[in-house]
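Could you slot chain R onto chain V? The hints should help.
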Amino acid sequence: SQQGEEDPQALSIQEGENATMNCSYKTSINNLQWYRQNSGRGLVHLILIRSNEREKHSGRLRVTLDTSKKSSSLLITASRAADTASYFCATDEISGTSYGKLTFGQGTILTVHP
Amino acid sequence: DAGITQSPRHKVTETGTPVTLRCHQTENHRYMYWYRQDPGHGLRLIHYSYGVKDTDKGEVSDGYSVSRSKTEDFLLTLESATSSQTSVYFCATSGIQGMLDQPQHFGDGTRLSIL
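Chains as they are written, first to last, in the numbering used here: chain V, 5 to 118; chain R, 600 to 714.
For the record, the hints were derived by calculation from the structure and aren't laboratory data. Take every hint as true, because none was put in to throw you off.
Coverage of chain R stretches by chain V, computed from C-beta distances (three or more under 8 angstroms per stretch; other residues unrestricted):
1) 636-642
2) 647-661
3) 681-694
4) 701-714
In this text, a Cβ means the ideal position worked out from N, Cα and C, and glycines have one as well.
Bound conformation, chain V alone (with noise of 0.2 angstroms):
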């Protein structure tokens, strides 16, 4: 089953724009991530945000968690054609064994036109 449900599915937007894409989950977390995909190649990790954290900068992302509400948001700012690729988030879930398995969204596909 699918822990993470993203939205929208797929998103176009002008270079300059921002681009927010949102990922909400259904069990306890020990932490949430954000991967990157272009296409034909594999995932690439691009921010991590622990469960007690609320809010995470790196560059020109920004990430939200809302542990309440079992949501998270990624937003890329100033966005640029190379941005374009599919974004992924995933969740690492509390249980009695952490082998740091991963439970992934079905991603959301972000389109940037020069």
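Then chain R, alone, in the frame of chain V:
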């Protein structure tokens, strides 16, 4: 990324044949994972390993087996391939000993087609 090599990168085979995919890492990571990616399903965990010879099932393990005889190699085997196993398979690693909250590092995938 993180020295993860998957082989082969592409494979076409017939229903009923055995298939083995290999994942090789050079980072001495403890944990290794096999996922499949299908349209509409995102990535789903097949099997994972938490040490040499220590493996367990993931969400979609039926029809798959794995082996890890040394830290750097994690093999995924389809004993008798079926068309429903046509997919893109990704290997990932994580886990510096003793550290929590770590990201996963992915290979570039194996595109497997079963006719």
